[in-house]
Amino acid sequence: MLNWVEFVTLLIIVVAAYFSIRVSNLLFAVVALAALSLLLSLEFYLLKAPDVAIAEAGIGAGLTTAIYVLAIYQIEKRDKKK
Amino acid sequence: MKTAYAVIFMSILVVFLFTAITTLHPMGYPGHTEMDDYFIKNAQIEVGANNVVTSIVFDYRGFDTLGEATVLFTAVISVVALLRGVKKDEE
Amino acid sequence: MKSDMSTIVKTVTDFLFGFIIIFGIYIIIHGHLTPGGGFQGGAVVASGFALLFVAFARTFLDKKPQQLYGLFESVGLLIFISLAFLGIYRTFFYNFLANSGGLFGMKITQGINPGYFNTAGVVPLMNMAVGFEVACGLSLIVYLLYRGVIEEGEDGE
Numbered sequence: 001m002l003n004w005v006e007f008v009t010l011l012i013i014v015v016a017a018y019f020s021i022r023v024s025n026l027l028f029a030v031v032a033l034a035a036l037s038l039l040l041s042l043e044f045y046l047l048k049a050p051d052v053a054i055a056e057a058g059i060g061a062g063l064t065t066a067i068y069v070l071a072i073y074q075i076e077k078r079d080k081k082k
Numbered sequence: 083m084k085t086a087y088a089v090i091f092m093s094i095l096v097v098f099l100f101t102a103i104t105t106l107h108p109m110g111y112p113g114h115t116e117m118d119d120y121f122i123k124n125a126q127i128e129v130g131a132n133n134v135v136t137s138i139v140f141d142y143r144g145f146d147t148l149g150e151a152t153v154l155f156t157a158v159i160s161v162v163a164l165l166r167g168v169k170k171d172e173e
Numbered sequence: 174m175k176s177d178m179s180t181i182v183k184t185v186t187d188f189l190f191g192f193i194i195i196f197g198i199y200i201i202i203h204g205h206l207t208p209g210g211g212f213q214g215g216a217v218v219a220s221g222f223a224l225l226f227v228a229f230a231r232t233f234l235d236k237k238p239q240q241l242y243g244l245f246e247s248v249g250l251l252i253f254i255s256l257a258f259l260g261i262y263r264t265f266f267y268n269f270l271a272n273s274g275g276l277f278g279m280k281i282t283q284g285i286n287p288g289y290f291n292t293a294g295v296v297p298l299m300n301m302a303v304g305f306e307v308a309c310g311l312s313l314i315v316y317l318l319y320r321g322v323i324e325e326g327e328d329g330e
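Quick mapping for you: the protein sequence lines, in order, are chains A, B and C. With the numbering used here applied, the first sequence corresponds to residues 1 to 82, in that order. With the numbering used here applied, the second sequence corresponds to residues 83 to 173, in that order. With the numbering used here applied, the third sequence corresponds to residues 174 to 330, in that order.
Isolated chain A, as found in the complex:
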């Protein structure tokens, strides 16, 4: 019933979600979250919702990652100062 492309995509989404929670390095967690968003947009595309896929790829994989990385950089800078 499930297409194997969808199966592999969903499997990697679950693995990326596990890594993004369990990993102690924040930057690695953010990259895992970006991979999750990108694969989620692929999954939206496979489910025939291309407009949601574009929104997810632009906001989830692009802008959210940039904002998280900037926040992590600022926090590390502040920790080093103390």
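Derived by calculation from the structure, the hints in this document are not laboratory data. A quick note: this is a predicted structure, and the numbers were derived from the prediction, not measured. Any given hint could be a false lead.
[Claimed, not checked] Okay, derived cross-link-like pairs now, BS3-like style, lysine-lysine, Cα gap no bigger than 27 Å in a straight line:
(1) Lys280(C) to Lys237(C)
(2) Lys280(C) to Lys123(B)
(3) Lys280(C) to Lys77(A)
(4) Lys48(A) to Lys123(B)
(5) Lys183(C) to Lys77(A)
[As the list claims (entries may be wrong)] If you only want the chain C side, here are some residues facing chain A, beta carbon under 10 Å, derived:
(6) Gly197
(7) Ile200
(8) Gly204
(9) Leu206
(10) Pro208
(11) Gly209
(12) Gly210
(13) Ala216
(14) Val217
(15) Ala219
(16) Ser220
(17) Val227
(18) Ile314
(19) Leu318
(20) Tyr319
(21) Val322
The beta-carbon is built from N, C-alpha and C at its ideal position, and this holds for glycine as well.
Keeping the supplied structure of chain A fixed, place chains B and C upon it in accordance with the hints.
Okay, now just chains B and C, sitting in the frame of chain A:
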């Protein structure tokens, strides 16, 4: 005693959720509603847009989009208020 | 973080920035024909601006674009609300341009058609207004965060 309450509550919740799963629609086969049929039949003629999703988002459900735009505007305003440039001398 | 990024990042940004912006504008103005719309295209344009900020930090921080972004964001939302108000003689959000024969008022046939651009009434105009607002608002968020990072770094060193 607390764990007993938690176990009872969790088991009731699990029973409810599993009964809910058994009555779900199968994925990809939504139930028939009159509104969907109306949109699919008339949106292309009434609005003139080929993209029915956009004609719903910006025409039939315009208030929803207005709320979304307002939420985004408020979020940007709050970010600007948090991160506005504050000069060191004034602190 | 004192200066711009390396030459590789700058060259790739030089090459890619135009394509990203053109793709975002295409998604915005063809929102009534192809998948996408104001929000999606605005997000794509904003991600292009985020790339530009990261690559050419110095140049853009000296230009101080936040007033311009704030102005354009407010103008986009105001155009959206006033377009909704212009149809107030019937209802709020009434599509007064659709099937009128004038601007964006071409009539189309039911079913498969080539996808004429001059259709759908106020929907393309609202797409452009919302796309403007979303692109400028998200770019403003990224710009302010990045400015905070750079100024923090300069204070510490």
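Results for each hint:
1. Lys280(C) to Lys237(C): violated (45 Å)
2. Lys280(C) to Lys123(B): holds (16 Å)
3. Lys280(C) to Lys77(A): violated (59 Å)
4. Lys48(A) to Lys123(B): Within the cut-off at roughly 20 Å; holds.
5. Lys183(C) to Lys77(A): holds (24 Å)
6. Gly197: holds (8 Å)
7. Ile200: holds (7 Å)
8. Gly204: With a minimum Cβ separation of about 9 Å from chain A (threshold 10 Å), the hint on Gly204(C) holds.
9. Leu206: violated (12 Å)
10. Pro208: Check passed: Cβ of Pro208(C) comes within 4 Å of chain A, closer than 10 Å.
11. Gly209: holds (5 Å)
12. Gly210: Holds - the Cβ of Gly210(C) comes within 10 Å of chain A, reaching about 7 Å at its closest.
13. Ala216: holds (3 Å)
14. Val217: Check passed: Cβ of Val217(C) comes within 5 Å of chain A, closer than 10 Å.
15. Ala219: holds (6 Å)
16. Ser220: holds (4 Å)
17. Val227: holds (7 Å)
18. Ile314: holds (7 Å)
19. Leu318: With a minimum Cβ separation of about 4 Å from chain A (threshold 10 Å), the hint on Leu318(C) holds.
20. Tyr319: Result: holds, 6 Å to nearest chain A Cβ.
21. Val322: holds (5 Å)
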